[in-house]
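Each protein sequence line maps, in turn, to chains A and B. In my numbering, each number is its position in the first sequence, counted from 1, plus 77. In my numbering, each number is its position in the second sequence, counted from 1, plus 411.
These aren't lab readings, by the way, just hints derived from the structure by calculation. As the structure is a prediction and not an experimental result, all values here were calculated from the model. Every residue gets a Cβ at the ideal spot worked out from N, C-alpha and C, and that includes glycine. Accuracy of the hints is not assured; some may be wrong.
[Said to hold, decoys possible] Simulated DEER-style distance windows between Cβ atoms:
| no. | chain 1 | residue 1 | chain 2 | residue 2 | range |
| --- | --- | --- | --- | --- | --- |
| 1 | B | Ala451 | A | Arg203 | 52 to 58 Å |
| 2 | A | Glu338 | B | Ala628 | 47 to 53 Å |
| 3 | A | Ala85 | B | Ser618 | 21 to 27 Å |
| 4 | B | Ala458 | A | Arg163 | 57 to 63 Å |
| 5 | B | Arg454 | A | Gly195 | 56 to 62 Å |
| 6 | B | Glu563 | A | His204 | 35 to 41 Å |
| 7 | B | Gln608 | A | Ala85 | 39 to 45 Å |
| 8 | A | Gly292 | B | Ser618 | 38 to 44 Å |
| 9 | A | Glu168 | B | Ala458 | 55 to 61 Å |
| 10 | A | Glu303 | B | Ala628 | 51 to 57 Å |
| 11 | A | Gly263 | B | Glu560 | 44 to 50 Å |
| 12 | A | Gly292 | B | Glu563 | 20 to 26 Å |
| 13 | A | Arg203 | B | Gln607 | 40 to 46 Å |
[Claimed, not checked] Far from chain B, some chain A residues (derived; all Cβ distances over 10 Å):
| no. | residue |
| --- | --- |
| 14 | Val99 |
| 15 | Asn116 |
| 16 | Pro118 |
| 17 | Thr160 |
| 18 | Glu191 |
Chain residues, written in single-letter form:
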Amino acid sequence: MDSPLYSAFVDLDELDRAHWLVRFFDWPSAALRGSDLPNFPTFPTLRAGETADTWLCDQFKQVAQILGKQDRICRSVVLLITTEVRNYQVERRDQILGLLLEVAGACGFAEVAETLRGWARADDYRHASYRLGSETIPLRRTIWSLLIGWNKTEDLIPALRRDLSLRPELGSEALCFRELGRLSPGEAIELIPRIFGWPEPYWREALRAFLTDLGPDEAFSTAYLERWKSCFVKVTENVEPSRVERLLAPRDWGVGGALIEVFAKVGVGCSIEVREPWRQVTLFHLRGSGDSVQGSLRFNVHSPWSRRAVEAQSELYQQDFARAYDAAAAPA
Amino acid sequence: MSGGGSERLVAVLQRFNAARAAPGGSTTSALRLVRAELAAIAREIQAGGSEDLPYAVSLIYLVVGYSTGVIPHDIADRALLWLQGRPVWAWRSLPLEDFVLQGADVLESPSSSLMIGCSLMNWDAFRKHYAEKFGVPKVPSAKLEKLWESLEEGNLGIADADVDLGGTNGVVWFTDRDALETSSPRGGVAESVDIQQAYELLALDWSKQWEYHDGNAGVTRSILLSVPITRRARSAHGLRVPTALEGWGCLLFAPKRSRGSGDWPVAAGFTSHPLTEADCLPEAVHGTITAIPGAESPFSSCGRLAKAPRDRLAECGKVAVERALQRLAEI
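Isolated chain B, as found in the complex (with noise of 0.2 Å):
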């Protein structure tokens, strides 16, 4: 990883450290020795257009998070430690099941019930998460191209236990049925979220992806998992991050808005979307999901769409600081 930012910001990070353990220190003092150079750096990184960015949003989210309280001091300490030292890239080595799924309950909003968990995932990740369950090798095959087949056609489901919204396998998002209808890109419910316009609002970029089987460079395959959760109080029930990994790499974001408690979620970290505040759109950090038992199948949609046709980084790495600085000025 080029560049002196991520250094910086490392040193940053350790200052910040050791700002608060110090004898008399505290939280507001660290912040308040570091808050300015850490804007300065995360601006310069997005002016340069490093890859770095992310790692830089990053810091400011956990560093705004622990702040705050909505990162329970324990588990951020023990992030933070592990990762001083570390070039700031190391973020996404950070062992998360160590770290991150130790998150604080949280209550339930009287609405749980009407939860819908939905997650865009691509292609590729299906493949390899999903195929073999159907008895269908994850490697280029005809039998692979069927199972895509029976997917349009809408003849798959997948069984509640391995409803993991939380994983890696693509971006996840969690809303009601509500708000679906009312801020989804095409407004209907999660059967009828554009696909391409979800990419779009999502930031993802699947532009470096290499389908191994499809040679058609701009062009990805997409699904679209939406399913009804029970408990949303499990999706928050850790830090299960990073949401968005593929578009941005980051692991810790705070919430968009503070929510009142006995609201969901009240103590996790979240995901904040970097182009948009519909309340659709991702805010959630996740751990496990218990997915409605029996409910119907949920790949709710699937096609093809066009991959970013330009660099998200640069598209939306101004938004992403600006809104992450704004989130650090607040406390």
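Excised from the complex, chain A in its bound form (with noise of 0.2 Å):
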């Protein structure tokens, strides 16, 4: 097809236009092998670099001006996705799936969103995926992806919780992150070791996102003290305490070091100290503006090789840095 604009299956009846796009999302070169429904319109070719669902897009953006027929395709669109494709015999029923909820995702189809949320709760289509381009896409992540686009996951925090915890071959770690932290910031917090296992680019920005979304006077108020005492402890648990340093260690190598990038880029100055790193003080300031300290995280290593190795310590005070500092020198 030459036209952008193949606006014939838009005036097929109902059915009959979403039976047509089930065909077509099925086996987009279906042309090779001659269409099986001889009285509906031929199927598109594809141009380069063009796939069923931009295609189908790009439809919906032609038709913008004519009236009623944005909703027919919408109409369509939703249909299958609610009825998840069953009224149909297809032999890649993922791969439509993928393909419609791209479509869903970039035309703003919202009306699909209880069903999607439906399938996010019951952990459905968990092994599902799809082909977009020369990728293999989990369905999972895309749900999620459109879900935390559209603000809908209220009362999904357990799922949410699951597939950032048990799924990482869904790839949603960080869309799940972000959304958790969003809904629950303290879960999120307690869960920041957690990220520390993705690649650093991706850490370091979702944790920047998560702050700044936050506000850094939320993220360090009293309210989530405990859930960063739990976090740093959980940080350097199982960790040998002669490498304690190593890891938190503000240098480039050390996770210490990344963070006082990412606080600093929040507006949050922070200072890791290390101290006899196998006996005695690890000490993590958070300071607000000017050098008032805000947080103060001090952990105690006792003994190696201990799952009760690591002890935290936490306040939060007001007064000068100097004063937070001889308090960190000082032995525990």
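Given two chains presented individually in distinct reference frames, assemble the corresponding complex, making use of the accompanying hints.
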């Protein structure tokens, strides 16, 4: 097809249009085999770089000025998604659903949100994926992308937590972390140690965005003090005490150094000091504007190779930084 | 796909296959049989402005690559057989992983440590492939716009493992720092490559693209990804094509020029740019690229660029066909 506008399918009867779309999305190169829908419009030929979903999005855009036609495309896509394409014999259901979700996301068909919420809650499609170009995309990642983009994740915290914690293969951890951070900041703070396992560019950005969204004053308020304590205990948990310094020290290769940078980006100064690492103190200071110390997290390392090796002490106080520094330098 | 050109191209392909497989047949004799007709059809398609043109060019390069041995015969055989009996535009459906990711390994150039891989991708491709890695939904939203702002501010990087210059996210070329300095549109290193000029020189055509969240139809956003790569050989490890997918849909190109053994690459399919012979512009076909671990943020520049205001197919078609036919005539 040469013209970017191909509206013949839009004028089909509702069920026929859905049928036509299913066949086209099942095998967009179906023209290779000839259509099995002889009385329907022929399938369009996709241009280089075009896929069935981008083609349909383009049609949606093209008919924007024609009364009612956009609605027809929307209704067909919504119908197919909400019925999970179960009314048709297809070869690649997950593929069709995935591409239809791409269309729904790009065109803003939020009518499918409740269906997607049900899938997210019930842990549906956890093994499903579809191809987009050369990439294989887990269906649940796209489901989360749509729900989060549309702010439709209320009541889905358990599902977010589950996919964040248990399903690294979905590749949706960053999405789930940021959304969990929005809905339940305390839980997200406790999960920060987990994100250190991601590639550094991603956890840096996820953490920066989380702290920015929450606001540094809120993030380091007393409401989350215990969460931060738990977070840093987890960071150093099961780490040989002699390696704690390496882990947390503010050097290029340390998590501590990266944390300082991330905190600085959101306007929170902090310092991490490690002294006598296999015996005593790692101190983590958070500073607000100026040098006023907003929080202090102190780690006492007692004995090597013990799950109880790390204990955390924490306190919040307002005093000048020099005094806090002296306190940190003193033996615990 | 309209026009009789594509059907005739398929017929030529079938004759080429049959001639080289016949008892006593050879690639040379098969080529002799189809060369003139192939050229005539390609010129006809080009003159007619048909969208079959990229496929005609691809077919010529496949035949050229097969005949010169640049493309390993077993792979070319399988690709040809797969394409036989299908419309010529079925190129785009060629299952790349099955057919073209198995090219022979190549030797590394002594200068390999200086190699930089570059990819110019559009914002739509970026949001689809990378947004979620930063925890941002790929659907249009304020969060997505903030991601773009972070990108513009230079605050983002991607993990080495996700540097897939050979993907279909954008058009890709490889160069070394010296060549980039002397041949890039504005001179200078990768950081100063002008994305608008790169877009023009690469003959990309994003004019058909609809950015779902960007109302300005004449402008699109682009990201130049350039990253030092450790091993050039890896980039040519397989015939990962196409490169200029969005611009040309060409699946199999041949090298601009043959380079000596030991230089890179010596055994793979390459892409040749229709508009320029500049050394820094695309010539490579690539598999997985290994970025230098800990390399600095690979997004060296990004910004808005004007989409092609005219039909790139017509604009670039004549040059592309002429170059392909020249290669055909040389063998």
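Tested hints:
Restraint check, B:Ala451 to A:Arg203: a C-beta distance of roughly 55 Å satisfies the suggested window 52 to 58 Å. Separated by about 39 Å at the C-beta atoms, A:Glu338 and B:Ala628 break the suggested range of 47 to 53 Å. With their beta carbons about 24 Å apart, A:Ala85 and B:Ser618 fall inside the hinted range of 21 to 27 Å. Remark: the range hint 57 to 63 Å for B:Ala458 to A:Arg163 is contradicted by a beta-carbon distance near 50 Å.
For B:Arg454 and A:Gly195, the Cβ-Cβ distance of about 58 Å falls inside the hinted range of 56 to 62 Å, so the restraint holds. Roughly 38 Å separates the CB atoms of B:Glu563 and A:His204, a value that falls within the hinted 35 to 41 Å. The supplied range of 39 to 45 Å is met by B:Gln608 and A:Ala85, whose beta-carbon atoms lie about 41 Å from each other. In this structure the hint that A:Gly292 and B:Ser618 lie 38 to 44 Å apart at CB holds, the actual value being about 42 Å.
At about 40 Å, the CB distance of A:Glu168 to B:Ala458 disagrees with the hint of 55 to 61 Å. Against the hinted window of 51 to 57 Å, the Cβ-Cβ separation of A:Glu303 and B:Ala628 comes to about 53 Å, which satisfies the hint. Distance hint check: the CB atoms of A:Gly263 and B:Glu560 are about 28 Å apart, inconsistent with the given range 44 to 50 Å. At roughly 23 Å, the beta carbons of A:Gly292 and B:Glu563 sit within the given window of 20 to 26 Å.
Between A:Arg203 and B:Gln607, the C-beta spacing of about 44 Å keeps the proposed range 40 to 46 Å intact. With a minimum CB-CB distance of about 19 Å to chain B, A:Val99 clears the 10 Å threshold, and the non-interface call stands. Every beta carbon of chain B lies more than 10 Å from that of A:Asn116, the smallest distance being close to 22 Å; the non-interface claim holds. With 10 Å as the threshold on Cβ separation, the claim that A:Pro118 sits away from chain B holds: the shortest Cβ distance comes to roughly 16 Å.
Consistency note on A:Thr160: stated as away from chain B, and its beta-carbon is indeed over 10 Å from all of that chain's, at 22 Å minimum. The Cβ of A:Glu191 lies farther than 10 Å from every Cβ of chain B, with a closest approach of about 16 Å, so its non-interface assignment holds.
This entry does not satisfy hints 2, 4, 9, 11, going by the numbered hints stated previously.
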